[in-house]
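Taking the hints into account, I'd like the entire structure generated from these sequences.
2 protein chains.
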Amino acid sequence: MPPPHVNTTNSYSKRKEINHRDFREREGERERRLYEDRSMEGGVEESSQTRIMVGVNESTIKGYPHASISSKGAFEWTLSKIVRTNTSAFTLLFLHVQVPDQDGFDDMDSIYASPDDFKKLNRRNKIRGLHLLEYFVNRCHEIGVPCEAWIKKGDPKEVICHEVNRVQPDMLVVGSRGLGPFQRVFVGTVSEFCAKHAECPVITIKRKVDEAPQDPIDD
Amino acid sequence: MPPPHVNTTNSYSKRKEINHRDFREREGERERRLYEDRSMEGGVEESSQTRIMVGVNESTIKGYPHASISSKGAFEWTLSKIVRTNTSAFTLLFLHVQVPDQDGFDDMDSIYASPDDFKKLNRRNKIRGLHLLEYFVNRCHEIGVPCEAWIKKGDPKEVICHEVNRVQPDMLVVGSRGLGPFQRVFVGTVSEFCAKHAECPVITIKRKVDEAPQDPIDD
Numbered sequence: 001m002p003p004p005h006v007n008t009t010n011s012y013s014k015r016k017e018i019n020h021r022d023f024r025e026r027e028g029e030r031e032r033r034l035y036e037d038r039s040m041e042g043g044v045e046e047s048s049q050t051r052i053m054v055g056v057n058e059s060t061i062k063g064y065p066h067a068s069i070s071s072k073g074a075f076e077w078t079l080s081k082i083v084r085t086n087t088s089a090f091t092l093l094f095l096h097v098q099v100p101d102q103d104g105f106d107d108m109d110s111i112y113a114s115p116d117d118f119k120k121l122n123r124r125n126k127i128r129g130l131h132l133l134e135y136f137v138n139r140c141h142e143i144g145v146p147c148e149a150w151i152k153k154g155d156p157k158e159v160i161c162h163e164v165n166r167v168q169p170d171m172l173v174v175g176s177r178g179l180g181p182f183q184r185v186f187v188g189t190v191s192e193f194c195a196k197h198a199e200c201p202v203i204t205i206k207r208k209v210d211e212a213p214q215d216p217i218d219d
Numbered sequence: 001m002p003p004p005h006v007n008t009t010n011s012y013s014k015r016k017e018i019n020h021r022d023f024r025e026r027e028g029e030r031e032r033r034l035y036e037d038r039s040m041e042g043g044v045e046e047s048s049q050t051r052i053m054v055g056v057n058e059s060t061i062k063g064y065p066h067a068s069i070s071s072k073g074a075f076e077w078t079l080s081k082i083v084r085t086n087t088s089a090f091t092l093l094f095l096h097v098q099v100p101d102q103d104g105f106d107d108m109d110s111i112y113a114s115p116d117d118f119k120k121l122n123r124r125n126k127i128r129g130l131h132l133l134e135y136f137v138n139r140c141h142e143i144g145v146p147c148e149a150w151i152k153k154g155d156p157k158e159v160i161c162h163e164v165n166r167v168q169p170d171m172l173v174v175g176s177r178g179l180g181p182f183q184r185v186f187v188g189t190v191s192e193f194c195a196k197h198a199e200c201p202v203i204t205i206k207r208k209v210d211e212a213p214q215d216p217i218d219d
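Protein sequences appear in the order of chains A and B. According to our numbering, the stretch in the first sequence is residues 1 to 219, in order. According to our numbering, the stretch in the second sequence is residues 1 to 219, in order.
What the hints contain is simulated information worked out from the structure, not anything from laboratory work. A portion of the hints provided could be inaccurate.
If several chains are the same, the list does not tell them apart, and a pair holds so long as it fits within one copy or across any two.
Taking lysine-lysine and the DSSO-like style, the derived pairs with C-alpha atoms no more than 27 Å apart in a straight line are [unchecked claim]:
| hint | residue 1 | residue 2 |
| --- | --- | --- |
| 1 | Lys196 | Lys208 |
| 2 | Lys81 | Lys206 |
| 3 | Lys126 | Lys62 |
| 4 | Lys196 | Lys72 |
Here's what the structure looks like:
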């Protein structure tokens, strides 16, 4: 049975409903909670809300399920400076893009003997991503901000711009490590690319200087 | 007598108080209204508000006191997508930068015979700028959003970044004509410079395609 809410963008809605039902059947409690959080929107007419997409990723130091410093910063900035106490007027859309190669690294010692092993790996990665999203969704739930969260695979900067096109949020918030021009040459910046190419207003939140780890490329 | 409100940034506050008293004495009713709008802030603790600076300029087609299409767009976007009904939680800070040379053009036929003539010209330009700001301040007043507005002279992109540094808003909103790369080479874009150099989060609001005038360089 389809969920009770109605989404303005039909194809988007349909795809997500299927995704969410899929998750729920396979993963149980965690997905159910993510799903229920989604359905909170039902109480507010969606067309009247400001939909803010927030790109989030995992910590390069602690790994999953920990969020990167700049993701957390961008999220908290959005809550304190834009959403404030007007929690029902906004919907936060959390997009986590998993980089396929990078996610395989932790499994270097595993043995892959059958196609099923790869399925398990994919499933494990997805669960890790869901753990990351859970942090943001729980935080929104606590303070009563409607939200949605989903995972995509690919090159973060390209996938984010593609998802902006598809979902058409009112704005995109991305965190940035605030690297200097020299460091940027080596690591590339997702935020810079999105600010230039995403088809919606983009706001880049630089990591606070006192929150930067020893190596500023970490996050 | 100084106005009854207290501003958190002392030097900023002091300078503006002087400006406003100055205006009031010289210009009368219009400045008094701008001034009173400023003092609306007194009711809300300023440190708890989100301070959004909006760069505004005059229409290239209609001239003063008409605001440019992209300024209006950036302003209306801020109201509808961020401020929404939470009007007392935000303070809008309108900065209008006058380009000295450009403003002199209209006075090509005037005769300057004494230093006083130049003073009059300066005063006339200032009044034109105030008329522009009045539009934004009146609009805020109507819907109950606290605001401040002031004029500076110089190169818009540099002055805006300098004022961000001085006033330290939570974010800067700038409109953009949304020109293509070829057109940008000739006109330069204030928004691009600010997004790169301003020391606060910057959000660029592109002019809607259907609002663009016949020549997209106009605004």
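Determine which of the earlier numbered hints do not hold for this structure and return their numbers in increasing order. Of the numbered hints, all hold.
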